[in-house]
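**Student:** For reference, the chains in residue letters:
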Amino acid sequence: NAGVTQTPKFQVLKTGQSMTLQCAQDMNHEYMSWYRQDPGMGLRLIHYSVGAGITDQGEVPNGYNVSRSTTEDFPLRLLSAAPSQTSVYFCASTKKGTVNEKLFFGSGTQLSVL
Amino acid sequence: AQSVAQPEDQVNVAEGNPLTVKCTYSVSGNPYLFWYVQYPNRGLQFLLKYITGDNLVKGSYGFEAEFNKSQTSFHLKKPSALVSDSALYFCAVRDGGDYKLSFGAGTTVTVRA
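Residue numbers (this note's numbering), protein chains in the order written: chain H, 16 to 129; chain G, 22 to 134.
Calculated directly from the structure, the hints in this document are not laboratory data. All the given hints hold, so there is nothing to weed out.
Some chain H residues judged to face chain G by a derived CB distance under 7 Å, without partners named:
#1 G55
#2 M56
#3 G57
#4 L60
#5 V65
#6 K117
#7 F120
#8 S122
Where a beta carbon is used, it is the ideal one built from N, C-alpha and C, also for glycine.
Please work from the sequences and hints to get the whole structure.
**Tutor:** Next up, the structure:
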């Protein structure tokens with residue numbers, strides 16, 4: 016059981032480049048989400064999804080797109096990278112609305128935008 | 022809008038002493054409250070949660086948290102801290118009618134031997 020898998024672990028981009036951060040889970044979780052972690056600011060929600068075909072914005076969605084075509088995958092796309100998007104990105108998933116609700120996190124992607 | 026405040030950036034305690042990490046929250050509906058921990062160079066792990074029921078919640082690694090509705094607080098506690106408890110701790114909240122989970126800024130705990 017792999018849990019939540021994120022790729023890549025590290026990435027360096029130039030300003031204006033685009034890329035996709037991959038996230039996959041094998042636990043049949045309906046809920047998936049993307050967070051960014053910045054020093055002193057905790058984890059901020061970028062986008063989330065409560066099921067295939069359903070996505071919604073979090074606290075800091077600008078500059079990011081998501082889609083959820085399958086239950087397993089929830090990729091995060093940076094359309095035109097900016098230095099302000101330098102951060103550590105975490106994908107997380109959970110079973111929706113159960114007594115066992117808890118987020119399972121991926122190991123993170125450290126992104127630098129130059 | 023929901024929010025979480027962790028008023029202390031850092032907490033320093035000696036091994037064997039009680040550890041408390043503070044958290045206050047704001048939601049419009051019923052709060053679902055969580056604590057997560059991030060050990061150095063590792064991902065985030067779930068510690069415990071409060072959804073309903075007993076105000077004192079017990080979790081992993083000997084941690085517990087007390088839900089106080091009147092003070093809108095959910096402080097994390099451990100009776101006797103270990104050096105291995107040194108980590109970054111996050112409090113999180115969501116409104117029971119929503120699925121957005123909001124995190125606090127985090128509190129760095131350092132336990133000295």
